[in-house]
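Residue numbers (this note's numbering), protein chains in the order written: chain L, 1 to 111; chain W, 1 to 114.
A couple of the hints might just be wrong.
Stated by the list, open to error - A few chain W positions that, by computed beta-carbon distances, are all more than 10 Å from chain L:
hint, residue
1, V4
2, K14
3, Q17
4, N28
5, S33
6, L45
7, G53
8, S69
9, A82
10, P83
11, T112
12, L114
Claimed, not checked - Where chain W lies over chain L, by a calculated footprint (3+ residues, C-beta under 8 Å):
hint, region
13, 42-52
14, 101-108
Treat the hints as calculated values from the structure; they're not laboratory data. Just so it is clear, the structure is predicted and the values come from calculations on it, not from any experiment. We treat Cβ as the ideally placed atom computed from N, Cα and C, and that holds for glycine.
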Amino acid sequence: GNSVTQMEGPVTLSEEAFLTINCTYTATGYPSLFWYVQYPGEGLQLLLKATKADDKGSNKGFEATYRKETTSFHLEKGSVQVSDSAVYFCALTGSARQLTFGSGTQLTVLP
Amino acid sequence: NAGVTQTPKFQVLKTGQSMTLQCAQDMNHEYMSWYRQDPGMGLRLIHYSVGAGITDQGEVPNGYNVSRSTTEDFPLRLLSAAPSQTSVYFCASSSGSSSYNEQFFGPGTRLTVL
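For reference, chain L alone in the conformation it holds in the complex (with noise of 0.2 Å):
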């Protein structure tokens, strides 16, 4: 079946730092690849996304890349505010509509 593999957390950075969250799956067939983030106290928001092998999602300074060849969509920002301090969840879905989660990280940004 489908699986997602994430960096344990938490992460902590100071205010600009650049950031990597990494991302690993198995799945079967050519899944779609999502970041999602969760402010404290709410639901989850879709922060990218990606359909095929190489395509890179953006959204609010954040970048990733899907990379077939090594199963990875890692997630990249080049400098973190304190804004950022969410939980981060990689996801894929196959041929169906279901979401496969990773265990999430908690990103925490220090001014």
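Fit chain W to the known structure of chain L by using the hints.
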């Protein structure tokens, strides 16, 4: 649009009690689903529906029932609550038939079973 709404926000139950978690969406989405979120485990799919009158099981369906009588509503029923069902529950919806369509999540219901 209100998007996806869930009620209640918080609930405490005793073991063996029953309750229904409500979920509604006003975006005319045909696909709806329920997830539970537990520490260190991400979100896991409980049940889903691809349209009114059609439901199916996800990864962790035991102890939960669902029905979908309208496009808008997708309630989740706990018939006899157990402490293992203490969790945060999220409802989600999406449009279209594609697996890459965005899913919209509600704000969640935090359930504690004593």
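Inset, instruction - Report the numbers of all earlier hints that the structure fails to satisfy, in ascending order. - result: Of the numbered hints, 1, 5, 6 do not hold.
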